[in-house]
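If you read the sequences in order, they're chains A and B.
Following full-length UniProt numbering, the numbering of the first sequence begins with 1 at its first residue and continues without gaps.
Following full-length UniProt numbering, the numbering of the second sequence begins with 1 at its first residue and continues without gaps.
Any given hint could turn out to be false.
Computed from the model, here is a short list of chain B residues facing chain A with C-beta under 8 Å [said to hold, decoys possible]:
#	residue
1	Thr69
2	Ser72
3	Arg74
4	Asp75
5	Ala76
6	Ala207
7	Ala212
8	Lys214
9	Ala215
10	Ser219
11	Ile223
12	Pro230
13	Asn309
If you are wondering where the hints come from, they were derived from the structure by calculation, not from laboratory data.
Keep in mind it's a predicted model, so treat the numbers as computed, not measured.
The beta carbon of each residue, even a glycine, is placed where N, CA and C say it ideally should be.
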Amino acid sequence: MTIIDNTSAVPAPRADDGNSAPLLEVRDLHVEFHTRDGVARAVNGVNYTVDAGETLAVLGESGSGKSVTAQAIMGILDMPPGRIPQGEILFRGQDMLKMSAEDRRKIRGSKIAMIFQDALSSLNPVLTVGYQLGEMFRVHEGLSKKEAKAKAIELMDQVKIPAAAARVNDYPHQFSGGMRQRIMIAMALALEPDLIIADEPTTALDVTVQAQVMDLLAELQREYHMGLILITHDLGVVADVADKIAVMYAGRIVETAPVHELYKRPAHPYTRGLLDSIPRLDQKGQELYAIQGLPPNLLKIPTGCAFNPRCPKAQDICRTDTPPLYDVTERDGGALPGRRSACHFWKEQIHG
Amino acid sequence: MPEALDTSAKKLPAGEPATVPVPVDAKAEKTRSLWSDAWHDLRRSPMFVISAVLIVLLLVMAAFPGLFTGASPRDADLSNHYLGAPNWSHFFQADWLGYDGQGRSIWARMVHGARASIIVSVGVTALVTILGTLVGVLAGYFGGWLDAILFRLTDVFSGIPFMLGAMVVLTTFAERTVWVVVLALAFLGWTTIARVARGSVITIKQADYVTAAKALGASTSRILFRHILPNAIAPVIVVATIALGGYIAAEATLSYLGIGLAEPTVSWGIDVSAGKDQLRNAPHVLMMPSVMVSITVLAFLMFGEAVRNALDPKMR
Numbered sequence: 001m002t003i004i005d006n007t008s009a010v011p012a013p014r015a016d017d018g019n020s021a022p023l024l025e026v027r028d029l030h031v032e033f034h035t036r037d038g039v040a041r042a043v044n045g046v047n048y049t050v051d052a053g054e055t056l057a058v059l060g061e062s063g064s065g066k067s068v069t070a071q072a073i074m075g076i077l078d079m080p081p082g083r084i085p086q087g088e089i090l091f092r093g094q095d096m097l098k099m100s101a102e103d104r105r106k107i108r109g110s111k112i113a114m115i116f117q118d119a120l121s122s123l124n125p126v127l128t129v130g131y132q133l134g135e136m137f138r139v140h141e142g143l144s145k146k147e148a149k150a151k152a153i154e155l156m157d158q159v160k161i162p163a164a165a166a167r168v169n170d171y172p173h174q175f176s177g178g179m180r181q182r183i184m185i186a187m188a189l190a191l192e193p194d195l196i197i198a199d200e201p202t203t204a205l206d207v208t209v210q211a212q213v214m215d216l217l218a219e220l221q222r223e224y225h226m227g228l229i230l231i232t233h234d235l236g237v238v239a240d241v242a243d244k245i246a247v248m249y250a251g252r253i254v255e256t257a258p259v260h261e262l263y264k265r266p267a268h269p270y271t272r273g274l275l276d277s278i279p280r281l282d283q284k285g286q287e288l289y290a291i292q293g294l295p296p297n298l299l300k301i302p303t304g305c306a307f308n309p310r311c312p313k314a315q316d317i318c319r320t321d322t323p324p325l326y327d328v329t330e331r332d333g334g335a336l337p338g339r340r341s342a343c344h345f346w347k348e349q350i351h352g
Numbered sequence: 001m002p003e004a005l006d007t008s009a010k011k012l013p014a015g016e017p018a019t020v021p022v023p024v025d026a027k028a029e030k031t032r033s034l035w036s037d038a039w040h041d042l043r044r045s046p047m048f049v050i051s052a053v054l055i056v057l058l059l060v061m062a063a064f065p066g067l068f069t070g071a072s073p074r075d076a077d078l079s080n081h082y083l084g085a086p087n088w089s090h091f092f093q094a095d096w097l098g099y100d101g102q103g104r105s106i107w108a109r110m111v112h113g114a115r116a117s118i119i120v121s122v123g124v125t126a127l128v129t130i131l132g133t134l135v136g137v138l139a140g141y142f143g144g145w146l147d148a149i150l151f152r153l154t155d156v157f158s159g160i161p162f163m164l165g166a167m168v169v170l171t172t173f174a175e176r177t178v179w180v181v182v183l184a185l186a187f188l189g190w191t192t193i194a195r196v197a198r199g200s201v202i203t204i205k206q207a208d209y210v211t212a213a214k215a216l217g218a219s220t221s222r223i224l225f226r227h228i229l230p231n232a233i234a235p236v237i238v239v240a241t242i243a244l245g246g247y248i249a250a251e252a253t254l255s256y257l258g259i260g261l262a263e264p265t266v267s268w269g270i271d272v273s274a275g276k277d278q279l280r281n282a283p284h285v286l287m288m289p290s291v292m293v294s295i296t297v298l299a300f301l302m303f304g305e306a307v308r309n310a311l312d313p314k315m316r
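The following block holds chain B by itself, in its conformation from the complex (with noise of 0.2 Å):
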């Protein structure tokens, strides 16, 4: 950096020197952008690390379940059924929680019920994310007609009580996969980013970098999308980071009662239901379940809430 401030005093006029950038460390200066900044907060946010490294395992257990429990949760051998409490030293063996009703092991029903949650978090919150962006980027930058009409079907989509809205859709299905829970969730949940999505890109839109493009010849798309988009979509990011454990919390409710997921998926929700039925004799059968589903919830809520303590400083 001592050399290009050199040079600036060799080219610029007299009375100058105000305008010379401060000689600064130049790798701390170059890259300061919100995300680097975010970035560097959140390095640094315990919050952060502990649900970063709660979630990472979260979804190693869902991509490799292999890893962590060689049984299979499907294997049921009812010479098992209830028998023993948790053999706390048997580490990540079949028998190291215990077994259910039916005589399968706990632990790698635990294990393996992390894809059905993930999968449907992560694919709910993907779905709302592009829909609701979608929605309210149209409905905020074009505003008007576009306007009115999207955000009265916004407004009806809100008024439907989620759950009760959920279960209505999810009785209509059959035969209730992942992707059937997937669907039925993400064609609910979506008005909340829309209303987050058009409020930031009204506020964004009247920025002078918008019109400064738009008068630099820059076309629609590439004003909603370079210029836009890139600005609004923090917000979002944080919101939909912190639904996301809510999904989790909705699909494990609605496997609880019956009506979201159902064997021989294998989900936490599932489980759970079926703990309560012994809750008495055996109670560790419905509280490892609970525990999981807490947990990953908890993860990425806290996920979620250090995202936005990054992204926005004015909200710590």
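Same shape as in the complex, but just chain A (with noise of 0.2 Å):
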């Protein structure tokens, strides 16, 4: 399939398929890992959907488990240590965690791909990136050595790598880091997948190279109509790329919303502390606002509403009673879609 037909097949994406599953929804998923000190809950009961050309961002802290349900949905975690008690991973309507792993292993790579933090790393060594980039067709298409060297060149061209033909046969660590990570993206996007799942892909490189790294992303998301789960701690990223967002807190999504609206009014105290902790241009001098204290100890989550002790709002309420993921509404009972909040207050939050 060329690019051609694929943009192409735009207007009716995924027709074919006979069903209006979203492209994946995650339902309920826990992923708990068993240590020596106990059973560190990393993911509790985390919901969420992308559908084909939509892009979700995930946001949360180290520890706020966005790795690990992405890793979960990759079915890249090790397991033992780690184990899914509970919940659906549905591509398509198919639950991949009840498939063969035969079955899974062929949905990586040319279905769901992912691409990773440090690009570097996330490169073997000793083969020279055109060998990496060719060996996706060669697995997964069976091309010839030499056709799969003609399609690495070709994607190389396609994610902005200079002189493509003439780097082809260099090693990872002969690039320079922006460039590399547009080598993971090139392999991530080798078999057009319908689903990226990009986990922190800009953490590594700094602020110029990120903003070229997220643009080539979003653009070539545009271009395949892929969806694109967006892993990162940085609510700058996400504000041009994303079309949501999910929150996480200690495993758990605590709000969802369109992005522009999360920004302008969010309805969880946790995600204000995140807006406030932005440094903005305007409050130069003012001292920087930081939501007190530290991420929740997974092997002892606090009771009810897992937030309560660095809340400035807690009431009696939230170290009781875990709040359930209430459908955020206006302040006359208009619908907001997409909008949920995990707070006993969001109406004062997102109203008050």
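Dock chain to chain to rebuild the complex, using the hints, since each chain is given by itself in its own frame.
Pasting the structure below:
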């Protein structure tokens, strides 16, 4: 399939499936790790969906479970010590957790691909980038060495690596950080997957290169009409590319919202805290806000709302009752599609 | 490379200069992998050059002994029995280094003895490397019960003292050819390589690029053979090269003790054993094959050392 075929298919994406299931749906996913000190509950009932052509940003601090969720989707979680006690991961309506290892392997790379944070350590140091890119075609599509190399050059051109033909035989360490991340993106894109999971793709890059890589990713996503799950802790990165945001805390989703809605009026105190802790030019000279305390220990997550010990608005109910994911509405009860918040006091947060 | 630079400048959005490659000599930069770096270092190492020349010489000797001597190592003329010390001026001739107790040319026996030593050492090293790597990789990559079983087995084997074990194994064979010795030594020697390979694989399998390969749909065998093995093999090669010298010494020792190779095989160890009886009358009979063993062992040890230095820059 060439790119042209793909873009022409955009108006009726995936119509051939014959079902209206979302591209990816995660339902009540739990992941726990059995450690010497007890059971660390890294993911506690995550739900989200991603459609073709849509970008979901998963936001959260370190240890909030965002990467673990992604690894569970990819099926690259180390089990043991990891375990998925309950939940479903539906790819086009099919539960991947119930598939055979071989079937899942076939989905990886060709249907769902992943971009990793550190491109240097994610590329094999003893193989040329051309070989590693070509490997995708050789393994999944059975192309010859020569054809695979031509494809590799084509891909490198597509991710805007200068002088691709001359550099196809270079080793990963000969590329700069930004170029390496482009190669990772090219590898993930190679087989034109339906869904890409990017796990902090720009964290290891400097700010100017970050913007270029994000632009490239967004551009390619539009071109291929892929679903994209963007995992990050950088609210700045998200604003331009994401369609919707899911904020995670202690292994749960605490708020979901369309991207601009979330920035405008967050419905969860944690999101509010995150937004307030972004340095801003108009607050020059003032002390920067920081959320008090530390992320919870996953071995003993606080009862009630996991955020309660750090929440400036915590009441007694927050310490006893775990808030469900409430549907967030306008003050007059008008619907706000896609907006949900796991806070007992979401009304006060958003409207008060 | 200048053209490449130009096109890149055109294609890139503003702000890209940081990632434009510095113009470098394309040839020097082109193929710098771990192995090409190592080769680059090796060519400049005197230790490597000397040992490599010696090893090549020994290999040629083992393959084509006729190039070095016209005399047969098995022609025994008792009239030459211990007669005369070496005739240093008779280069490469039958009487160059004198005759042994059976009246056989010592030089011819030294030349022809190389084959047994080389076959034993290379054969054992090859078998040990294959078996050890296989066990180490399987145990290291899959872990769990497979690791437990394979490594208890490795522990059992490494608990057997090498020489004692080899003696016990070899005495059970009535006819001890080169291949019997190879199998016996390999049977006892694979554990070191297995340990090294396992450790190396455990380190490599946690590398991000292995996870990345998995996430991009590589099968287990592809991950093992394309991504893990090439990265994990360097320490194995180093240990194997150094061990090679040890197997030559082991073969000589066993032959000296009379439980390694046996006549009519020509072996340095057998000759050393024969020479000890006349040490005071004709010391050169013992010295010459001993010198050969020492030079060969030294050559392989130096070679292994040089390879290790080249592959592991931190060792320097």
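These are the hints, each one checked on the structure:
Given hint, Thr69/B at the interface with chain A, is violated; its Cβ is 44 Å from that chain's nearest Cβ, farther than 8 Å. Interface hint status for Ser72/B: violated, as the beta-carbon distance to the closest one in chain A is roughly 49 Å, over 8 Å. This hint is violated: Arg74/B has a C-beta 49 Å from the nearest C-beta of chain A, more than the 8 Å allowed. With 8 Å as the threshold, the beta carbon of Asp75/B stays out of range of chain A, its nearest partner Cβ sitting at about 52 Å, so the hint is violated.
With a least beta-carbon distance of about 54 Å to chain A, the hint placing Ala76/B at the interface is violated under the 8 Å criterion. With its C-beta approaching chain A no nearer than about 6 Å, Ala207/B sits inside the 8 Å limit, and its interface hint holds. Interface restraint check: Ala212/B against chain A, minimum CB-CB distance 4 Å, threshold 8 Å, status holds. Nearest Cβ of chain A to the Cβ of Lys214/B: about 5 Å, under the 8 Å cut. The hint holds.
At a threshold of 8 Å, the smallest CB-CB gap from Ala215/B to chain A is about 4 Å, leaving the interface hint in force. Here the hint on Ser219/B is kept, as its CB sits about 6 Å from the closest CB of chain A, short of 8 Å. Hint on Ile223/B is violated. Least Cβ distance to chain A is approximately 10 Å, over the 8 Å limit. A least Cβ separation of about 5 Å between Pro230/B and chain A falls short of the 8 Å threshold, and the interface hint therefore holds.
Hint status for Asn309/B: violated, given a least beta-carbon distance of 19 Å to chain A, over 8 Å.
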